[in-house]
Amino acid sequence: MTLSELATQIGAQLQGTASNVMVTGIATLTRAGPQEISFFTNTLYREELAHTDAAAVILAPKDQHLSKVPVLLMENPYLGYARAAALFDNSAVPPPPGIHPTAWVSPHAMIEATVFVGAQAVIEAGAIIGRHVIIGPGCVIESGVRIGEETHLRANVTLCKGTQLGMRVLIHPGAVIGSDGFGLANDKGQWVKIPQLGGVDVGDEVEIGANTTIDKGSLGNTIIHRGVKLDNQIQIGHNVEIGEHTAIAGCVGIAGSTRIGRYCMIGGGVGIVGHIEIADRVQITGGSIVLQSIPEPGVYSSGTPLQLTPRWQRNYHRFKQLDELTRRVYTLEQLLESKQ
Amino acid sequence: MTLSELATQIGAQLQGTASNVMVTGIATLTRAGPQEISFFTNTLYREELAHTDAAAVILAPKDQHLSKVPVLLMENPYLGYARAAALFDNSAVPPPPGIHPTAWVSPHAMIEATVFVGAQAVIEAGAIIGRHVIIGPGCVIESGVRIGEETHLRANVTLCKGTQLGMRVLIHPGAVIGSDGFGLANDKGQWVKIPQLGGVDVGDEVEIGANTTIDKGSLGNTIIHRGVKLDNQIQIGHNVEIGEHTAIAGCVGIAGSTRIGRYCMIGGGVGIVGHIEIADRVQITGGSIVLQSIPEPGVYSSGTPLQLTPRWQRNYHRFKQLDELTRRVYTLEQLLESKQ
Amino acid sequence: MTLSELATQIGAQLQGTASNVMVTGIATLTRAGPQEISFFTNTLYREELAHTDAAAVILAPKDQHLSKVPVLLMENPYLGYARAAALFDNSAVPPPPGIHPTAWVSPHAMIEATVFVGAQAVIEAGAIIGRHVIIGPGCVIESGVRIGEETHLRANVTLCKGTQLGMRVLIHPGAVIGSDGFGLANDKGQWVKIPQLGGVDVGDEVEIGANTTIDKGSLGNTIIHRGVKLDNQIQIGHNVEIGEHTAIAGCVGIAGSTRIGRYCMIGGGVGIVGHIEIADRVQITGGSIVLQSIPEPGVYSSGTPLQLTPRWQRNYHRFKQLDELTRRVYTLEQLLESKQ
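Residue numbers (my numbering), protein chains in the order written: chain A, 99 to 438; chain B, 99 to 438; chain C, 99 to 438.
Treat the hints with caution; some may be incorrect.
Note: identical chains are not told apart, hence a pair may lie in one copy or across any two.
Derived SDA-like pairs: lysine to any residue, alpha-carbon spacing no greater than 20 Å straight-line [said to hold, decoys possible]:
no. : residue 1 : residue 2
1   : Lys259    : Ile321
2   : Lys437    : Arg229
3   : Lys160    : Val397
4   : Lys291    : Ala184
5   : Lys259    : Asp299
6   : Lys437    : His163
7   : Lys418    : Leu164
8   : Lys437    : Arg426
9   : Lys160    : Arg409
10  : Lys166    : Thr212
11  : Lys291    : Gly372
12  : Lys418    : Tyr428
13  : Lys259    : Glu247
14  : Lys418    : Thr407
15  : Lys291    : Leu112
16  : Lys259    : Gly318
17  : Lys418    : Thr128
18  : Lys291    : Arg324
19  : Lys160    : Glu145
20  : Lys437    : Arg357
21  : Lys160    : Thr424
22  : Lys166    : Phe214
23  : Lys437    : Asp187
24  : Lys286    : Asn118
In short, the hints are calculated from the structure, not lab data.
What you are looking at is a predicted structure, and each value in this text was computed from that prediction instead of being measured.
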């Protein structure tokens, strides 16, 4: 591909070189060779940009002066990187349609002719699989599950009864969608299971990470709206609803019946209690614990700083008397005021 | 089913309607139609109760005056909901016994005639599977594993050597029981694996969530006593012991050799250090970190509040000097006292 | 095995008994019978040592006086325990080579004759599997994956395209290596996937726990250096690098592009933000959140103490005004100073 063709395909403006230079891949600023392009989005890498051997670098017009090599100008160079990486992604070629001889597909499943089903996969009765769907090896699709067109399940994904996926959904290995919610009633100290009668509704273009779990609703559905992006090892409880285009990083846990708005960004390891509402455009930084609704957009955090352990221990123990300390300060203030 | 039959089966007292009204399902107060029942357990939903179209609502006698529709009176209406949901649970019909033609069952496994083994499942030599057990598709049951009567494994569960399950256990997809504990000895900077020679002993009526992992004991067993309920993505280290009827929410991690009492409730995302003891009837709220034994029952918490990030950052940095701040207040107190 | 033979094999010095006493196993101090050995590494168990029935106890010379039974003296008795447990580990016998009839192995995979492939496993085209490798039942090895000699995958492991494992690697059930990193560019509110073009490079003698996930690099590889030990349910983001002989406990999350040094020890549930560097020989205690680089070795912590919830709530709320409180103390100090 020539630089000129690449510029056209990613929507960038090429400057500083002959447009017919050939490029064969994309790499970091440090590793890119003279037949590869790179990108610059973070001023931390200013030195690397100054010394890169790349054929051209995708960057924003405001950073153009930092580059000695040709540039591919875009207002959003990170988007340019995404588009360029897609052009060089060899794995993007879909497998030819067909059902692997070791897969087991129920004769009562409805599967379009253009579907690919991988080795050792299982598709139970009543499943409905749309056109150009890819089911990876070892996946289990339980009875009645519906999968929209061009959706792609990588290996060893489990879709339980009651799950419905939209179009162009991408699910990574080990994810479990539609497992039972954690519904229990207490009968004199012993737990009685509440049968989970709902399902999971996953919108178009949703991505779900490796070993992430999404429980079905108790009554009604757990809903993941279109464009939501979920990283690995996330746990989503029953009847949670996540608004469009919200992105959630790894190891987040969201307890039952919580509603999260649209265009939110939730950092890694965040824990969110059940039965609350989080507004649109809320950002929560990694490791925070959310115990109450967040009615306004903004960036939110909780937690304490990392310190050398002996020093931390002293502050840690003082936290136990923080309320008392505040009262002591108040007493001092009153005392001094009375003396004036 | 008539309302009268339903009342009898869930142990409620029907009031305010003809007993022969037919009902076909259960739904939330908002969604229930005139042929469905609903339930009311949380005063937050008082408005929804006032406007419900349900045929009848399960609720406590003290809340009877809030309902304009007929009622199913029970002291524990949430238990009534659990029982009613079970009556309407279509998925509760077990599959007919038999071994799926694509499953692989060792001729040296002992399997009762009433067992169901799903597609692509694996049962190794020496496994002993009790009556009416259901093994979901893609499960792997390693050699020597024992499974009690009426236990149900959903899809893609892995039971490693040394695992023993009681009766009526329910395990959700992706769970791994009996993986090696994290036992390492340090030999001049390098780690030497400690072979894990124990097993996992899971009692009757235990439920284990999707992608939860329970390690086998190093020497002796990890023990999950009867009636314990574990949500998704929980990690339980080697030689942990969890007492009867304790419930643990998602994403909890419990390090090795810790003992947790009976009737405990542990919130989502809690982390519990190894080699400690937690008494019976302890409750720990979500996101807490437990670094020491808890010898007394009660409700416990740790953590800091969520705030807008700029404001949080100021408090976060002050935490580093909390011990010093406490000393400064003490100095002020001494100074003022000396002046009086 | 005689005690004398055992002493030789674990590198201990036997004292206090005839060397030809036979032993058949290893157990805890409390449970060991007169034909079993035990070990003592923690002074908490001094009472148990005083009353043990073990044939002999592995312990350090400094603790020899605490034992009434014969001793196996070693400077590092925990290492002695590891070695002795290996001698009594019946499960250590590898399965005979061969491909299970229900496995599916592509004719375009390269597999040494000494490899074992378990039931229902899948090995795709272009995979290269070294000598004496064991692939457990239900594993999926995607195209082009390379596995070094004597590596052992337990059941239901997924290795995605771009993964390369060293020799003597051990991976527990449900682990996913080489899933896509969480790379997204934002295009006017909607997320555009950044194709993940790198891989995962896992060094020799690495151990990876059950349901742990390791993402492939975006460009270049995620690198787990030799001797690293990872517990269960860990999430490792794209382009993370973990130095030799670092051990990481369960439920840790490490965000993208972070570099962790050698000989580190990271406690359970720790969260580590992306794009930072952690020096060699850093220890982080369980439940800590790491938001900045750690340039110096040492032991580090964050978090607040567990308290009874009503008491915690008062301190929790005071945290919101910690900065203000500090300023109030400063004001008092200034006021008193001005008066002197």
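Which of the listed hints are broken here? 2, 3, 6, 7, 9, 10, 15, 17, 20, 21, 22, 23 and 24
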